[in-house]
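*Asks:* Those protein sequence lines, which keep their order, are chains A and B. Take 1 as the starting number for the first sequence in the working numbering and just add one per residue. Take 194 as the starting number for the second sequence in the working numbering and just add one per residue.
To be clear, the hints were calculated from the coordinates, so they are not data collected in a lab. Some hints could be false.
[Claimed, not checked] Derived contacts from chain A toward chain B, CB cut-off under 10 Å, selection only:
#1 31
#2 33
#3 35
#4 82
#5 86
#6 147
#7 148
#8 158
#9 161
#10 165
#11 176
#12 182
#13 184
#14 185
#15 187
Idealized CB from N, CA, C, for every residue including glycine.
Protein chains: 2
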Amino acid sequence: MAGLSGSDTRARLLDTTLRLFSERGVEGTSLQMIADELGVTKAAVYYHFKTKDEIIEAVAAPALQELDAVIEQARTKRSRGAQIDHALAGFVEIIVRQRLLVGLWNSDPGMRRVVNRTFQAPQGEDLSTKMSTVFAGPSPSLADAISVHVMLAGLAMAGGAPEYAGIDDETLRRHLLDAGRRLLGRPRRQTFL
Amino acid sequence: MAGLSGSDTRARLLDTTLRLFSERGVEGTSLQMIADELGVTKAAVYYHFKTKDEIIEAVAAPALQELDAVIEQARTKRSRGAQIDHALAGFVEIIVRQRLLVGLWNSDPGMRRVVNRTFQAPQGEDLSTKMSTVFAGPSPSLADAISVHVMLAGLAMAGGAPEYAGIDDETLRRHLLDAGRRLLGRPRRQTFL
C-alpha cells in the first residue's frame, strides 16, 4: 500500500491500531509500529494523527457515536419500559461487537481517560448523564442510580473480559441482556430491538 | 515521630500510603512523599518496603485476606443459598469499608496488576476461582458465570466510584446488597451476616 488516503484506508488504520492496542497496550504502541504494520511510512500515519490521544479518540469515536445514537433513539420511545429496553439492547450490542475496545476501556488508563473525556463532556448533556437519565429517569433515587451504575459497569467489564473473548456474539448478547434486565427489574425475555 | 517501628506505625504507614495513592495515583506517589507525610526519613520507609510493588501489596493485603476469610466461611455453610448470602454480604461489606482501595483497583493499573496477581495466583485455588465457585457453584453454566462476573465487577466499580464517596456506609451497603441479590436471583431482603 503506497499511502494512506481515502476512507477505506482510514478504517484500516483504525482497525490495525485497535488490534495493536489490544495486543501491546496503548502505551506500548507507537506510531512507528502502526506504520510498520500497515506497510507505510511514519509520516503517512502522522499525516492523519499528530498525537497518541488523537488516535485513541479516533479509535473510540465510532462506538461512542453509535452509543449516543442509540440513547437518542431510546429517548424517542413513548414508555419508560420501551426506552430502557431499547437503550439496554443497543448498549449490549455495542459491547458485544466492540469487545476489543471495551476490553481496552476496562484495562487501559489511556483509553479510559480519553473515553471518559467524551463521556463526561462538560458542555451540554454528556453521554454519561444521558445514559443514566434513560435508564433511571430524570431524577433517580439513589437506589436506582446505583443499580444502573452496577449494570453499566458490570456489563462492560464482563463483556470485555478476556475469558469470554471466544464466546460467539449471539450467546454473549443473550447472557448480558439477561443480566442487565434482571438488574433493572425488567421482564426476562424481549425481542431484540 | 522518630522512626517507624511497631504495628501501630506500620498501620499508619499503610493508611497514609493509601490516602496518598488515592489523591495522587500510585504512579504519582513516591517513597519520599510517604516519608514526608509521616515526618520520617525515606530510609525509615525503605526499611519496611523496598519497592513500589511491595508497598502496593501491603496496602491491599488486609482487604484481600479478609475477602479470603469471608469466602472460606461461606464455604462452610450448608445450603447454596446460605453460602451465596454470606459471601455477598461479606464482599459488599469489604467494598463499603475499603472504598478508597476499591476505587484504586478500579482506576489504577498498578494496583490492578498487583491485586490481580493475588487474585489469580497460579498455585492452588486462587481467590478468583474460589469466589466464582461460591457464587455460581463448582461447574457453572455460562449464564451463571457471566451473571456473577457482572455482579462482582459492577458492585466493585459502583462501590468505589468517586460520585458515591459521600454516601454513608449503611446506605451504600443496602443498595449494593440489593443490586447483588437481584442479579443473583436471591430474595430481596436478608438479615446482615
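*Asks:* Now look at each hint and say whether the structure bears it out.
*Replies:* For each hint, the structure was consulted:
1. 31: It is violated, given that the least Cβ distance between residue 31 of chain A and chain B is near 22 Å, above 10 Å.
2. 33: This interface hint is violated because 20 Å lies over the 10 Å limit.
3. 35: violated (26 Å)
4. 82: At 21 Å from the nearest chain B Cβ, residue 82 of chain A fails the 10 Å test, so the hint is violated.
5. 86: With a minimum Cβ separation of about 20 Å from chain B (threshold 10 Å), the hint on residue 86 of chain A is violated.
6. 147: holds (5 Å)
7. 148: holds (9 Å)
8. 158: holds (4 Å)
9. 161: holds (6 Å)
10. 165: It is violated, given that the least Cβ distance between residue 165 of chain A and chain B is near 13 Å, above 10 Å.
11. 176: holds (7 Å)
12. 182: holds (6 Å)
13. 184: Hint holds; residue 184 of chain A Cβ to chain B Cβ min 9 Å, cut 10 Å.
14. 185: holds (7 Å)
15. 187: violated (14 Å)
Violation of the numbered hints given earlier is confined to hints 1, 2, 3, 4, 5, 10 and 15; the remaining hints are satisfied by the structure.
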